[in-house]
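Hey, can you work out the whole structure from these sequences and the hints?
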Amino acid sequence: MGKTLYEKVFDLHTVRKLPSGQYQLFMGLQLIHEVTSPQAFAMLRERGWKVRYPHRNFATVDHIVPTHSLERPYADSLAEEMMRALENNAREFGITLFSPETGKQGVVHIIGPELGLTQPGMTICCGDSHTATHGAFGALAFGIGTSQVRDVLATQTLAMGKLKVRRIEINGRLAPGVYPKDVILYIINQLGVKGGVGYAYEYAGQVFDEMDMEGRMTVCNMSIEGGARCGYVNPDATTYAYMKGRPYAPPPEKWDEAVRFWESVKSDPDAQYDDVVQYRAEDIAPMVTWGITPGQSIPVDGVVPDKSQFPPSEHSLIEEAYEYMGVKPGDPIKGMKIDVAFIGSCTNGRISDFEEIVKHIQGRGYKVAPHVRALIVPGSQLVRDEMVRRGYDKIFTEAGFEFREPGCSMCLAMNPDKLKGREICASSSNRNFKGRQGSPTGRTLLMSPVMVAAAALAGEVVDAREFFGIRGEKGAQS
Amino acid sequence: MNDLRRVRISGKAVSVRGNDIDTDRIIPARYLRCVTFDGLGEHVFEDDREQLRRSGQLHPFDRPEFAEAEILFVNKNFGCGSSREHAPQAIMRWGKGIKAIVGESFAEIFFGNCVALGIPCVTVDEATAAEIQALNESAPNTVFTVDLEQMKLVADNGKSWPISLAEGPRQQFLQGRWDSTAELMEADEEISATAARLPYFNHWR
Chain R
57 MGKTLYEKVF DLHTVRKLPS GQYQLFMGLQ LIHEVTSPQA FAMLRERGWK
107 VRYPHRNFAT VDHIVPTHSL ERPYADSLAE EMMRALENNA REFGITLFSP
157 ETGKQGVVHI IGPELGLTQP GMTICCGDSH TATHGAFGAL AFGIGTSQVR
207 DVLATQTLAM GKLKVRRIEI NGRLAPGVYP KDVILYIINQ LGVKGGVGYA
257 YEYAGQVFDE MDMEGRMTVC NMSIEGGARC GYVNPDATTY AYMKGRPYAP
307 PPEKWDEAVR FWESVKSDPD AQYDDVVQYR AEDIAPMVTW GITPGQSIPV
357 DGVVPDKSQF PPSEHSLIEE AYEYMGVKPG DPIKGMKIDV AFIGSCTNGR
407 ISDFEEIVKH IQGRGYKVAP HVRALIVPGS QLVRDEMVRR GYDKIFTEAG
457 FEFREPGCSM CLAMNPDKLK GREICASSSN RNFKGRQGSP TGRTLLMSPV
507 MVAAAALAGE VVDAREFFGI RGEKGAQS
Chain E
325 MNDLRRVRIS GKAVSVRGND IDTDRIIPAR YLRCVTFDGL GEHVFEDDRE
375 QLRRSGQLHP FDRPEFAEAE ILFVNKNFGC GSSREHAPQA IMRWGKGIKA
425 IVGESFAEIF FGNCVALGIP CVTVDEATAA EIQALNESAP NTVFTVDLEQ
475 MKLVADNGKS WPISLAEGPR QQFLQGRWDS TAELMEADEE ISATAARLPY
525 FNHWR
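Heads up: the sequence lines are chains R and E, in that order. In this text, residue positions in the first sequence follow the numbering used here: the first is 57, and each later residue adds one. In this text, residue positions in the second sequence follow the numbering used here: the first is 325, and each later residue adds one.
Calculated directly from the structure, the hints in this document are not laboratory data. Keep in mind that the hints are not guaranteed to be accurate.
Simulated crosslink set (BS3-like; lysine-lysine; CA at most 27 Å straight-line) [stated by the list, open to error]:
#1 E/K420 to E/K476
#2 E/K476 to R/K218
#3 R/K300 to R/K64
#4 R/K218 to R/K59
#5 R/K390 to R/K474
#6 E/K423 to R/K250
#7 E/K476 to R/K250
#8 R/K310 to R/K300
#9 R/K393 to R/K423
So these bits of chain R aren't anywhere near chain E, every CB distance computed over 10 Å [as the list claims (entries may be wrong)]:
#10 F66
#11 G77
#12 S155
#13 P156
#14 Q246
#15 D292
#16 A293
#17 G301
#18 V332
#19 R336
#20 E338
#21 P355
#22 D357
#23 Q365
#24 E442
#25 E479
Quick look at which bits of chain E chain R covers, simulated, 3 or more residues with Cβ under 8 Å [as the list claims (entries may be wrong)]:
#26 337-350
#27 353-367
#28 457-468
#29 476-487
#30 503-510
#31 518-527
Built from N, CA and C at the ideal position, the CB exists for glycine as well.
Okay, structure coming up:
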């Protein structure tokens, strides 16, 4: 009987079975950032432990960095303290830190892939739930807490149970103007925000076969919003082509050996799954969230659903969402006025995300609506440099967007980029939780980057396909 | 040596009702700007508490009758969203400290973080959750015991309900092995052997 990629990679990295019945699992790569690591390093120091394999750990700074200026010290003294702690910890324990001075700083889930650190067949962890992103390469990648960060620093291993595997198969072709972000919002809408608890998600079928790497990252990134701790796509020629030549990718003389290894970890054709679900690409439209969980979404031409469509145990959450968002059943989402537009994050802050928007706004004289504050936040310094090289900074600035420095920014608003009061934000990020974007009463509408850009220009939620006249061409990916 | 075993945990309870309560709500991101976990307890559920105060109500964590609670009753998918360990750290540092959580289901990363901190998260069915929350709210002085040996929740009025917990973490609590680092370090040679069989371990060099 064949095996899934999940089982093969898990087995390869299993150190031993623990007395509790769990497994001690080796972590091929740990990524570190400033928010969830200082306490882990402090515990190491207290106990007099070293980092076991410093060369398998890499750090960057993303959550707290301001995006209007990189100047030090940061105006926020707490942010400055966290940055210094990370610099000291990296130095003391011998860990490579991609700080802004290196030119390679960025959101941790953007820089891992772009530096070639993220590779198929690896186990990858980080004190951040969106670590699932790296599954796009056929790695097992998951978020952990700070105590586990400490465990990995000290031993490069974790205690873990085995997950079940659900194959999510989508065949057919996405319509023009429908993007990977819509695919994952659709999946979460169908399976629910708790549907993936206890599972790893394997994304498969024609839609994923044809999707580019950055699109696959967008989908895997939000696996956790569906409750699945990790999600992955089996590696293929698209994966290898994306990796070739990146700084930490295998060198040319090792390339064939590496590809053989990567091919060997793919799910076997006769692999057994704990569950299989199938959807049709044609059923997926541009999605927008209307509520306070990523599962509370509707197609852009849909209306806020009535609670009677949900099981009784969900009714109180649905009512809470109506109240918090200020919507009622039957309200269309189209036409909802927005105050802020945010394009960036580990979900959608990559070059192809911005490229797809530029394709629709370049040379067309659009301006951001006068009442809208619109932020373009590149996912990394390398993404930003490439945008400048291509002239995107000017295109966005001329259209009235603010072109910022890289970081997590308004996805979770740990830096100065925050909503005020009950502002409504069209956002390319991943969470529409209450208070997520920095105001305890702020409201978030999740959607694809192209949909956010259209909303910024129109001043309200619109169908980007109508607004930009997207039709006919092959569905690009963002 | 502290006894790390978690066999029976007794105390008064507090109920926070609702499904899908995420870790941003448990501890808003602005309180993650810190290099230690000290002081997080007072900010637990801060925005939810403030919103209720403004509308003239009190969050369970602000009601005097629950101020001594050491067990938390919740509903489905508690702790979803961000992996921030700051969430259970805040819960365990509030008041007398929450030492066990009983709910219908838990998000996985949150559950794992709680194991690492020695806080069992045990599950009950929907009807039981409703019953124990109602009992807790109507009789806040009721003392509950989470019994991981017998796998039941017992109230001091004599009632009891079955609870569930995966066998792996259950054994970690019963054997006092939830503080995992020491145990992981024991496998020194096996760790080296695993590293040696990973083709990418030295960056393919």
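Violated hints, by number in ascending order, as checked against the structure: Result: hints 11, 28 and 29 break, sorted rising.
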